[in-house]
Structures are given as C-alpha cells and as structure tokens.
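What follows is each chain in one-letter form.
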Amino acid sequence: MTPTVYLLLSALLFTIGAVGVLVRRNAIVVFMCIELMLNAVNLTLVTFARINGSLDGQVMAFFVMVVAAAEVVVGLAIIMSIFRTRRSASVDDSNLLKY
Amino acid sequence: MTATHLAAQQVAEVTEATGVAGSAWLLILFPVIGAAVLLLGGKATDAWGHLLGCLTIVASFVYGVMLFFSSTGLPEDQRVQNLKLFDWIPVSQLQVEFGLRIDPLSISFVLLITGVGALIHIYSIGYMADDPDRRRFFGYFNLFVAAMLILVLGNGFVTLYLGWEGVGLASYLLIGWYTNRPSAATAAKKAFLMNRVGDVGLAIAIFIMFSELGTTQYTEVFGNLDQLSPATVTALTLLLLLGACGKSGQFPLQAWLPDAMEGPTPVSALIHAATMVTAGVYLVARSNPIYMESADGRLVVVIIGAVTLLIGAIIGCAYDDIKKVLAYSTVSQIGYMMLAVGLGPFGFALGIMHLLTHGFFKAGLFLGAGSVMHAMNDEVDMRKYGGLARIMPVTFVTFGFGYLALIGIPPFSGFFSKDAIIEAAFGEPGWRGWVFGGAALLAAGLTAFYMTRLMFMTFFGKQRWKELKSEDGRDFHPHESSSVMTVPMIVLAIGSIGAGWFFAGGDRLADWLAPSLGSLEESETFVIDPALIPWLTVGLSLVGVLIAWLAVGRRDVPEVAPDPVSFPVRAARKDLYGNALNEALVARPGTWLARALVYVDNKGVDGIVNGIAAALGGSSGRLRRLQTGFVRSYAATMLGGSILVLIAFLAVRYA
Numbered sequence: 274m275t276p277t278v279y280l281l282l283s284a285l286l287f288t289i290g291a292v293g294v295l296v297r298r299n300a301i302v303v304f305m306c307i308e309l310m311l312n313a314v315n316l317t318l319v320t321f322a323r324i325n326g327s328l329d330g331q332v333m334a335f336f337v338m339v340v341a342a343a344e345v346v347v348g349l350a351i352i353m354s355i356f357r358t359r360r361s362a363s364v365d366d367s368n369l370l371k372y
Numbered sequence: 007m008t009a010t011h012l013a014a015q016q017v018a019e020v021t022e023a024t025g026v027a028g029s030a031w032l033l034i035l036f037p038v039i040g041a042a043v044l045l046l047g048g049k050a051t052d053a054w055g056h057l058l059g060c061l062t063i064v065a066s067f068v069y070g071v072m073l074f075f076s077s078t079g080l081p082e083d084q085r086v087q088n089l090k091l092f093d094w095i096p097v098s099q100l101q102v103e104f105g106l107r108i109d110p111l112s113i114s115f116v117l118l119i120t121g122v123g124a125l126i127h128i129y130s131i132g133y134m135a136d137d138p139d140r141r142r143f144f145g146y147f148n149l150f151v152a153a154m155l156i157l158v159l160g161n162g163f164v165t166l167y168l169g170w171e172g173v174g175l176a177s178y179l180l181i182g183w184y185t186n187r188p189s190a191a192t193a194a195k196k197a198f199l200m201n202r203v204g205d206v207g208l209a210i211a212i213f214i215m216f217s218e219l220g221t222t223q224y225t226e227v228f229g230n231l232d233q234l235s236p237a238t239v240t241a242l243t244l245l246l247l248l249g250a251c252g253k254s255g256q257f258p259l260q261a262w263l264p265d266a267m268e269g270p271t272p273v274s275a276l277i278h279a280a281t282m283v284t285a286g287v288y289l290v291a292r293s294n295p296i297y298m299e300s301a302d303g304r305l306v307v308v309i310i311g312a313v314t315l316l317i318g319a320i321i322g323c324a325y326d327d328i329k330k331v332l333a334y335s336t337v338s339q340i341g342y343m344m345l346a347v348g349l350g351p352f353g354f355a356l357g358i359m360h361l362l363t364h365g366f367f368k369a370g371l372f373l374g375a376g377s378v379m380h381a382m383n384d385e386v387d388m389r390k391y392g393g394l395a396r397i398m399p400v401t402f403v404t405f406g407f408g409y410l411a412l413i414g415i416p417p418f419s420g421f422f423s424k425d426a427i428i429e430a431a432f433g434e435p436g437w438r439g440w441v442f443g444g445a446a447l448l449a450a451g452l453t454a455f456y457m458t459r460l461m462f463m464t465f466f467g468k469q470r471w472k473e474l475k476s477e478d479g480r481d482f483h484p485h486e487s488s489s490v491m492t493v494p495m496i497v498l499a500i501g502s503i504g505a506g507w508f509f510a511g512g513d514r515l516a517d518w519l520a521p522s523l524g525s526l527e528e529s530e531t532f533v534i535d536p537a538l539i540p541w542l543t544v545g546l547s548l549v550g551v552l553i554a555w556l557a558v559g560r561r562d563v564p565e566v567a568p569d570p571v572s573f574p575v576r577a578a579r580k581d582l583y584g585n586a587l588n589e590a591l592v593a594r595p596g597t598w599l600a601r602a603l604v605y606v607d608n609k610g611v612d613g614i615v616n617g618i619a620a621a622l623g624g625s626s627g628r629l630r631r632l633q634t635g636f637v638r639s640y641a642a643t644m645l646g647g648s649i650l651v652l653i654a655f656l657a658v659r660y661a
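Chains as they are written, first to last, in this note's numbering: chain P, 274 to 372; chain Y, 7 to 661.
Take these hints with a grain of salt, some might be off.
To be verified - Residues from chain P that keep clear of chain Y, each with C-beta distances beyond 12 Å, as calculated:
#1 D329
#2 F335
#3 E344
To be verified - What follows is a list of derived Cβ distance ranges for each label pair:
#4 Y/S625 - P/R298: 30 to 36 Å
#5 P/S354 - Y/V658: 41 to 47 Å
#6 Y/I618 - P/F356: 45 to 51 Å
#7 P/F356 - Y/R631: 43 to 49 Å
#8 P/S327 - Y/S625: 47 to 53 Å
#9 Y/I618 - P/V278: 57 to 63 Å
Hints in this document: simulated from the structure, not taken from any laboratory.
Keep in mind it's a predicted model, so treat the numbers as computed, not measured.
Just so it is clear, CB atoms sit at the ideal spot from N, CA and C, and this is done for glycine as well.
All chains, full assembly: derive it from the sequences and hints.
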C-alpha cells in the first residue's frame, strides 16, 4: 500500500471534520468534528514520518494528542456549563458577543 | 535747484538733547499718569478727576513752553535734538529705539497740542458737568494727549506709529462716548475701520524702510535715502500719503470725519479739528526729505489736497447740522494744508502755519458750537436756531472771530495762512498753477459762503426756536454758558485774531521751522501776479459772504429743509456720494467676498472634513455587521483565510 492512500484518507477525514464544524449546531457534535480534524492531522503527521523515515512526525502526533486531551477537558467543561445555564447545547444560541 | 541739493539742505545736524530737552519725556509722562490714575482709580477719583485731568495737561504745556524757550536759546543749527530713552525692540536685524526728537516742528506741535488741549480740557469741565462719567472722559482725553505727544515727539517711524494707533484708539473711544446711541457706535466703528485702511499704508511704508534700509529711525532713514531707487521712494511717498489720508480725513478716506461728530463737542474740537486729524499733515511734513526726492509723490499729495478742499467746501454748503458743517470745513482746511505740504520747499512751513492757526480758530469754532448746543438742549439742527447773538454775546463774539479767521478776512489769522497757501499754489508752473491755485481760490469763496450761512442761521434772523420744542419735548431756553466754558473760547478767539499776524510777520514761523523743514522758498513761476492774489482771495470771500446774505441772511430760514432741491444740493447733502461710493466699491464687494468665503468654508473645507467623517462612520457601521456572534461564521472566516494563505503559498511555490 502506498502512503498516499493514508494522506487521502486523512484529507477526507479533515474535510468531514471541517464541514461538520461549519454546518452542525450541536456543540457536542462540533466538538467531535474538531477531534476528527485533529486526528486527521495526526494521521498525516504519522504518514509523513513513515515516508521520510524520521520520528519527528510521530513526536508531533503525541503532542497533538496531549493538547487534544487537555482541550477535551476544558471544552467539555465549558459545554457542560453552557448547557446548564441555557438548557441547550446549540452553538447558535450563544451569540451575545457581537456588534 | 536739484533734488540732491535740497536733500542735503534738509538733513540738519542732530545733536544730543540736554538740559530741559533731556527730560522731555516728562511731557508724555504727565498725561500718561493722568490717564492711568483716572482710568484705573475708578469711582474714587470721581470728585477731583476732572481737575487732575486738566492739571496734567497744563503741566505738560508749561513744560512745553520751557522747552520752547530752551530751544530758542540754542544756535539755529543745534535745534534738532535727539533724546534716546531705551532700546525698544532689540531683535537681531530689527533694532528699534524708543526716543524723542525735539526740534522746532515737534515743539510747535507740542505747544499746539498741550496749549489748545489744556483750554479744551478746562472747557470740558463745564461741558461735561452733567455727564456721570466725566472722570472717564478726562481719562480718555489724557490718554489721547499722551498718544498725540508720542506721535509728534517720536524719533522714528515706529514710535510715530505707536502714537498714531494710540490716538486712533482714543478717537474711537471718544466718538463712541454716548454708548446709548447706536449712531455713535457706528460712527466710532467707521472711524476705526477707515483709519485702519490708511494705517495699512503707513505700516507697509515702515516695512519697506526696514527691508530696504534696515532702520526706521528718522535720522538714519533720511540720511540714507540715496540708497533707494526712485521707484521705492515714490512708493514710500504714496504709502505714507495713504496713512495721512486715513488719519486726516482726506479723499478718498474722508467719510469718517463728519460722522465722528457723534462724539461730545470738546472731542470734535480737540481730536477731530485741532490735533489728531492734522497728524497726516505732520507725517508728510516730518517725512519732508522723502517727499523732496519724489516730485511725483508731491504732485499726488497736491492733487489729493486740492480734491479734498473742494469736496469739503462743497458739502459744507449743504448741511444743516452745525457740527457737520464745521467737520466738512475741517476736511476742507486740512485739504489746504495737504496741498501746501505737497508743494515741497514752497509750502512745508505754510502747511504747518495753517495747521497752527486752524488749530486755534477751528477749536474756537467747535467750542462755540458746543456752547450753542449746550444752550439749545443738544440740538444740532441750525434750522431750529436763529437770533442767538443777543442771548449768547460771548459765544457770538468769540465764534465771530473764529469765523472771520476761517474765511480769511485780514487781519485775522486765517487770512495770513490761507492766503499764503493759495499764493504758493499759484506759484506752481504751467497748468498746475492754474488748476491748484484756482481750486484753492474757489474753495475760499465757498468757505465764506457756508460759514456765513452758518452764522446767519445760528446767530441772526428770527428766533425760530421759540415756537419749537426739542426732541425730548422740552422748550428751548438758550442762555450764555458758564465762565469755565467761555474763558477758553475767549483765549482761542484771541489766538484767532493774533496768531496769523504773529506767525507770518517777518516769516517768523517759517524761519523757526527751517531747521526741521528746510527754509521756505518763494516760487519764481507765478501764473498770475502774486500781489494780486490777496485781493482776489479776500474779494472772492466777500462775494461768498454776499451770496450767503442774498440766499440765507435776508429772508426767513424754513424750519424744515426744502425738498426737492436741485441736483448739486442733493449731491452735496449726500456727501457727494462719498458714502455710496465706499459702499459700492469697498463695502459691498467686501461683503460678497466674505459671503463667498463663508460658502466655500462651509461647503468646501467643512464638506471635505465632514464627508470623510461620514464615509468612515457609514462604512464602519456596515462593516461591524460582520460580527454576527455565530461561532460557525467565525470558523468559516478562519477557514476561508487559511485557504487563501494556502493558495498564496502554492501560487508562490509553483507560479
């Protein structure tokens, strides 16, 4: 199997994630789409590490995972508190910060 | 005689002032102290303010007399003295010193200003007795005298300019004295503005002196005139003349002087007849070395003088307001002085002589008019007077002497000074002699006419005021004025009798002034026999008197001015359209210009500034709608931006 296939897969996953962030309203789903994009990038990094035969990409992927884990903790906490105050997890409802 | 020779003769040796002349600043200090105490002291000085005001001027006069005798004690070539007081404006190239020039010309003016000034101050005690602000009046009056003394005593053009503006300020304050009369406020503003027009000319002349010669002191300017091109000298003469025209009410800036009669009568007598309005003549006479270098400049001075003396005399014939007749008479007489000083060495001393005699008799006439007005509830319309000679004998006799002096009947003072000017005007060669001499002669006849008319309407005929009431509804009860007013009038009347004979006898005044003005010369190019001219002048004056008797004196004067009247009378009543001309040529275009500029400023300059602000405000109002508050739209923006960056990278990489 050529590594190109992995890159195509990660591009596909990233696109799905990006479109999900843009079109979905549920904060949890948006959040999951962000995770999808992060992991698509991880896949790319690992693939390039394999292609180039170096460990740099894999190290980067570990960093991303750590950051993603931290982000999940903070993000989910925010979503929870929003849901508690508004009884809704729709991202369009929290639109007070505007003109 | 060549111009350079004349110039060499003009610049007399200047010596340092010592002795009495060394403390000549006291002359100015007295009235300055008076003005300061009276204006800053407030109501506390009300009780004795008028006495202090008179005292300071009398003190200056006494000092002036001492100065005169100390000067006559000197040899003739040491009479031009310079007294440096302090460095006034020491800035790099611009070194202006404040100092006094004490010479026969300035001493003559000092004696006129303080002498006539003291008399008019004393008269004002009586005239202004009913005015609650009499103390302030004396403060302004002292301020005027101080400024006028700075004007005539200064030893440079900048010092002269200081006094020039000072008298303008005092004149403005005193014309607008009756603050409850809108016409007085307007007249004051008019005087101030029209004076500014002339002052611009004087200021530019001073700038030219500074830029071309690097100095504005008389001694240095007059000594270095040969460094200037003839065109520059002519420009200087014309600009100085513009200044003189503004201050002296000469054509085309004559319109403010008659309006200035809105002020109290002592003001008209001192400022607008005897002293301030003659400052223009002083300026030309003082600048005589400059005028000696430019025949064209002198010719323009003569033309202005001739035009003005005719204008003044013609308009004077038509007015019924006693003060306006006297005001136009002043305009006309200053025209004579201008004409004289424009004649160069043939006339400088004659102009100053007429100025001094005029100072006496015109001040006397104004004080007499003030006395009449005082008796007649401040009525100025001569048609409401009549038959006052019996009731006010002192006023009548003193006024009569002033009248005889003004119309030039020998041996009164005006005859000697005015006849000499007419004679000198006929001494010009060719057509100029005929035109200028003829104009001066004709105006002498007109002067006799309007003054005789004034005399008849005021002092003779039916007592028309008996059936009339004044504007505030009171009956007229004319009475002779108190002695504090009549004594100055008597003194001035004595001056009107004796001054001309005294000045002209043996060329006394001309010889005295020679160190300042150069010696007086006799023309050799008379267009008619000079021995004939006095006969012509007096004859024409008598014809004027006769016509006035035929037209006014032998019949009843109507109490309302006849209307309609012939064109010349109508024109003269409208100041020969002088005001209309100013209005059409200056005021209207000025208003239009101002309106156009306001329009450009509002619509153009403000439009650009406001337009930029509105465009920015409007566009930012639309742009802020981009901030929707939806997270997704921000995410889309970020995505779009990232894609753009990516495209840019790729484009750079592969293009």
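Tested hints:
At the 12 Å boundary, the C-beta of P/D329 stays outside the reach of chain Y, the nearest C-beta of that chain being 20 Å off. Non-interface call for P/F335 relative to chain Y: holds, since the shortest CB-CB distance, roughly 24 Å, exceeds 12 Å. Separation of P/E344 from chain Y is adequate, the least Cβ-Cβ distance of about 15 Å exceeding the 12 Å criterion. For Y/S625 paired with P/R298, a C-beta distance near 32 Å keeps the hint of 30 to 36 Å intact.
Against the hinted window of 41 to 47 Å, the Cβ-Cβ separation of P/S354 and Y/V658 comes to about 44 Å, which satisfies the hint. Hint check: Y/I618 to P/F356, Cβ distance near 48 Å, so the stated range 45 to 51 Å holds. Taking 43 to 49 Å as the suggested C-beta distance range, the pair P/F356 and Y/R631 does not conform, at roughly 29 Å. Checked against the hint of 47 to 53 Å, the pair P/S327 and Y/S625 passes, with Cβ atoms roughly 51 Å apart.
The beta-carbon spacing between Y/I618 and P/V278, approximately 58 Å, falls within the hinted interval of 57 to 63 Å.
Going through the hint list in order, the structure does not satisfy hint 7, though it satisfies all others.
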